[in-house]
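Protein chains in written order, with the UniProt record's numbering: chain A, 1 to 171; chain B, 1 to 185; chain C, 1 to 211.
Treat each hint with caution, since some may be false.
As the list claims (entries may be wrong) - Label-pair restraints from in silico Cβ distances:
(1) 79/B x 172/C: 46 to 56 Å
(2) 90/A x 29/B: 35 to 45 Å
(3) 25/B x 90/A: 23 to 33 Å
(4) 106/C x 110/A: 30 to 40 Å
(5) 89/C x 114/A: 51 to 61 Å
(6) 9/C x 90/A: 21 to 31 Å
(7) 97/C x 105/B: 36 to 46 Å
(8) 60/A x 111/B: 22 to 32 Å
(9) 153/C x 9/B: 25 to 35 Å
Stated by the list, open to error - Short, incomplete list of chain C residues facing chain B, as computed with Cβ under 7 Å:
(10) 44
(11) 46
(12) 119
(13) 121
(14) 130
Because the hints were derived from the structure by calculation, they are not lab data.
Being a predicted model, the structure only gives us computed values, none of them experimental.
Ideal Cβ placement from N, Cα and C applies to all residues, glycine included.
Residues per chain, in single letters:
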Amino acid sequence: MKHASTVFPFHRVIWLNCLPSPRNEAKAGRTELIPSIKLRHCCLLRNQRCVVAYLYDRLLRIRALRWEYGSVLPANIRFHMCAEELQWFNQYKKSLANFMRSVGGGDGLDITQDMKPPKSLYIEVRCLKDHGEFEIDDGTVILLKKNSQHFLPRWKCEQLIRQGVLEHVLS
Amino acid sequence: MDPSEAEFLAEKETITIIPNFSLDKVFLIGGDLGPFNPGLPVDVPVWFALNLKQRQKCRIVPPAWMDVEKLEEMRDLERREGAFTPVPSPFYMELSKLLLNYASDNIPKADEIRTLVKDIWDTRIAKLRLSADRFISQMEAHARLDNLTLMEINTIRSFLLDSLNCMYRLRSNLQPGSSKDRADY
Amino acid sequence: MDSQPYQPIRPGVGMEENFLSIDDILLSHERLPVRTECVFPRLGFLEKSSDSQDIAEGTKMELPLWLSKGLYERNRKVLSIELPKVYRDGWRTVFNADPNVVDLHKMGPYYYGLGSQMLHFENPENTEIGQTLLQTFIGRFRRTMDCSQNAYNEDTSVLLERLDSLEKALFSSGQSGLNGFQSWEKGRASQLTASTLVLNYRKRKITEVQS
Numbered sequence: 001m002k003h004a005s006t007v008f009p010f011h012r013v014i015w016l017n018c019l020p021s022p023r024n025e026a027k028a029g030r031t032e033l034i035p036s037i038k039l040r041h042c043c044l045l046r047n048q049r050c051v052v053a054y055l056y057d058r059l060l061r062i063r064a065l066r067w068e069y070g071s072v073l074p075a076n077i078r079f080h081m082c083a084e085e086l087q088w089f090n091q092y093k094k095s096l097a098n099f100m101r102s103v104g105g106g107d108g109l110d111i112t113q114d115m116k117p118p119k120s121l122y123i124e125v126r127c128l129k130d131h132g133e134f135e136i137d138d139g140t141v142i143l144l145k146k147n148s149q150h151f152l153p154r155w156k157c158e159q160l161i162r163q164g165v166l167e168h169v170l171s
Numbered sequence: 001m002d003p004s005e006a007e008f009l010a011e012k013e014t015i016t017i018i019p020n021f022s023l024d025k026v027f028l029i030g031g032d033l034g035p036f037n038p039g040l041p042v043d044v045p046v047w048f049a050l051n052l053k054q055r056q057k058c059r060i061v062p063p064a065w066m067d068v069e070k071l072e073e074m075r076d077l078e079r080r081e082g083a084f085t086p087v088p089s090p091f092y093m094e095l096s097k098l099l100l101n102y103a104s105d106n107i108p109k110a111d112e113i114r115t116l117v118k119d120i121w122d123t124r125i126a127k128l129r130l131s132a133d134r135f136i137s138q139m140e141a142h143a144r145l146d147n148l149t150l151m152e153i154n155t156i157r158s159f160l161l162d163s164l165n166c167m168y169r170l171r172s173n174l175q176p177g178s179s180k181d182r183a184d185y
Numbered sequence: 001m002d003s004q005p006y007q008p009i010r011p012g013v014g015m016e017e018n019f020l021s022i023d024d025i026l027l028s029h030e031r032l033p034v035r036t037e038c039v040f041p042r043l044g045f046l047e048k049s050s051d052s053q054d055i056a057e058g059t060k061m062e063l064p065l066w067l068s069k070g071l072y073e074r075n076r077k078v079l080s081i082e083l084p085k086v087y088r089d090g091w092r093t094v095f096n097a098d099p100n101v102v103d104l105h106k107m108g109p110y111y112y113g114l115g116s117q118m119l120h121f122e123n124p125e126n127t128e129i130g131q132t133l134l135q136t137f138i139g140r141f142r143r144t145m146d147c148s149q150n151a152y153n154e155d156t157s158v159l160l161e162r163l164d165s166l167e168k169a170l171f172s173s174g175q176s177g178l179n180g181f182q183s184w185e186k187g188r189a190s191q192l193t194a195s196t197l198v199l200n201y202r203k204r205k206i207t208e209v210q211s
């Protein structure tokens with residue numbers, strides 16, 4: 001993104017049609033063109049490497065989003081992803097869900113929870129922004145209003161803390 | 001590894017408590033606990049002891065090494081010796097912090113102990129850095145980590161591993177023909 | 001910390017690049033002074049100073065490392081690559097005398113990376129270059145370690161300013177170990193925190209609004 005302009009300065013070599021395609025030239029026996037053809041080939045491979053590395057880095061970030069945001073991505077992030085990336089994300093989500101269902105007996109195990117060893121079942125949290133109503137295990141509905149403080153089951157809040165909605169308050 | 005994970009492992013160590021309630025044996029996956037009788041010492045894992053302590057259900061008996069005299073001896077030995085000396089518990093740092101935070105009223109001279117443990121830690125970490133530097137400057141290929149604890153290794157692990165990787169690659173530059181002739185674009 | 005879900009691909013150190021590493025792509029973008037040893041027909045437009053159609057033999061120009069590496073051939077003279085100043089004898093003497101006085105960021109910032117890559121090109125001084133790289137790293141290691149392990153809660157930009165990019169990476173892995181321990185000691189290790197990815201996106205959104 002940031003480096004795109006510095007990474008691709010040689011792309012003109014490819015687009016300028018000054019270089020005929022290698023195959024025809026070799027057939028015609030014009031060996032003096034070989035160095036230029038080789039240079040063109042290097043540029044093609046370089047661009048390929050840049051694109052592949054860029055896309056792969058994006059993929060790594062998208063995979064991390066599943067762990068950080070949860071299975072539903074905010075619209076503004078999805079907006080910046082291409083169709084193939086969205087498809088990949090959905091498949092990754094599915095594989096992960098299948099795996100989590102298969103471990104830990106019949107109920108499955110959410111391995112995206114408890115990234116740090118839990119100290120207690122309930123934790124104290126403060127709301128950083130209005131998040132609306134929120135239902136906890138026993139069916140009570142609480143209102144997550146900005147700057148309000150609550151004592152909630154840890155496993156219910158972990159994701160909201162990672163998303164920056166709640167803040168973990170240490171006693 | 002996160003330090004909180006090291007602490008989690010330390011919480012599995014056993015410690016003696018004196019409960020002030022009675023309860024039959026509790027059967028848990030990690031082993032049976034109890035039975036508990038008021039005034040009778042019993043061994044439990046640290047996480048359980050701390051939980052009871054926070055609810056004022058017991059008194060914690062500090063481990064034998066958590067004692068000013070013994071720790072002073074240890075500190076002096078650690079400062080004298082060039083190598084790492086054996087520590088009383090593989091989790092001495094984690095346990096000191098946990099017990100001093102949650103049960104300082106059960107530990108005689110808690111403040112002195114806190115300072116002593118910190119002194120020992122600092123001495124050992126300084127030694128660790130010194131030996132890491134020696135390790136690199138003499139281009140050693142392996143080292144013994146005898147008597148080092150998990151937490152100590154943990155603080156320097158990623159740095160040391162990365163450094164060794166760098167050094168390895170820079171050294172392998174010197175062996176001609178070691179890397180394939182391949183163009184990267 | 002190593003528990004971060006997003007970890008960029010690490011650069012390959014030494015002679016082999018890591019194909020997918022963005023850092024290595026940037027490294028291979030460093031320019032090298034070269035001299036052409038044959039004619040490159042119809043590529044004259046790459047050389048701004050002349051308006052001939054071809055790049056003539058014997059032209060001196062700067063090419064990025066990736067292109068030099070791609071065109072270079074051991075058996076056939078296509079390019080001859082000049083050693084950048086920092087790897088030449090004069091600078092090597094400086095490095096060997098006291099590696100700590102050199103500002104590797106200004107000289108590099110890919111001193112080790114580029115130096116290792118230079119070994120691809122046949123040069124009679126290759127052994128000495130390799131030696132100097134290794135000795136420089138070892139000589140500067142103590143300082144890299146000390147500042148990464150002692151600087152807690154400090155502005156580290158002054159410390160970082162003279163480091164090579166490889167040393168910077170080492171510095172930050174040392175810092176992550178130190179910070180992890182310090183926050184544990186303060187009792188904050190068990191605190192759940194917002195993900196750095198989320199925070200970065202938010203920061204970006206704010207700057208987008210401002211611009």
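Each hint tested on the structure:
no. : hint                      : verdict
1   : 79/B x 172/C: 46 to 56 Å  : 32 Å, violated
2   : 90/A x 29/B: 35 to 45 Å   : 36 Å, holds
3   : 25/B x 90/A: 23 to 33 Å   : 50 Å, violated
4   : 106/C x 110/A: 30 to 40 Å : 50 Å, violated
5   : 89/C x 114/A: 51 to 61 Å  : 58 Å, holds
6   : 9/C x 90/A: 21 to 31 Å    : 24 Å, holds
7   : 97/C x 105/B: 36 to 46 Å  : 60 Å, violated
8   : 60/A x 111/B: 22 to 32 Å  : 48 Å, violated
9   : 153/C x 9/B: 25 to 35 Å   : 27 Å, holds
10  : 44                        : 23 Å, violated
11  : 46                        : 17 Å, violated
12  : 119                       : 6 Å, holds
13  : 121                       : 11 Å, violated
14  : 130                       : 4 Å, holds
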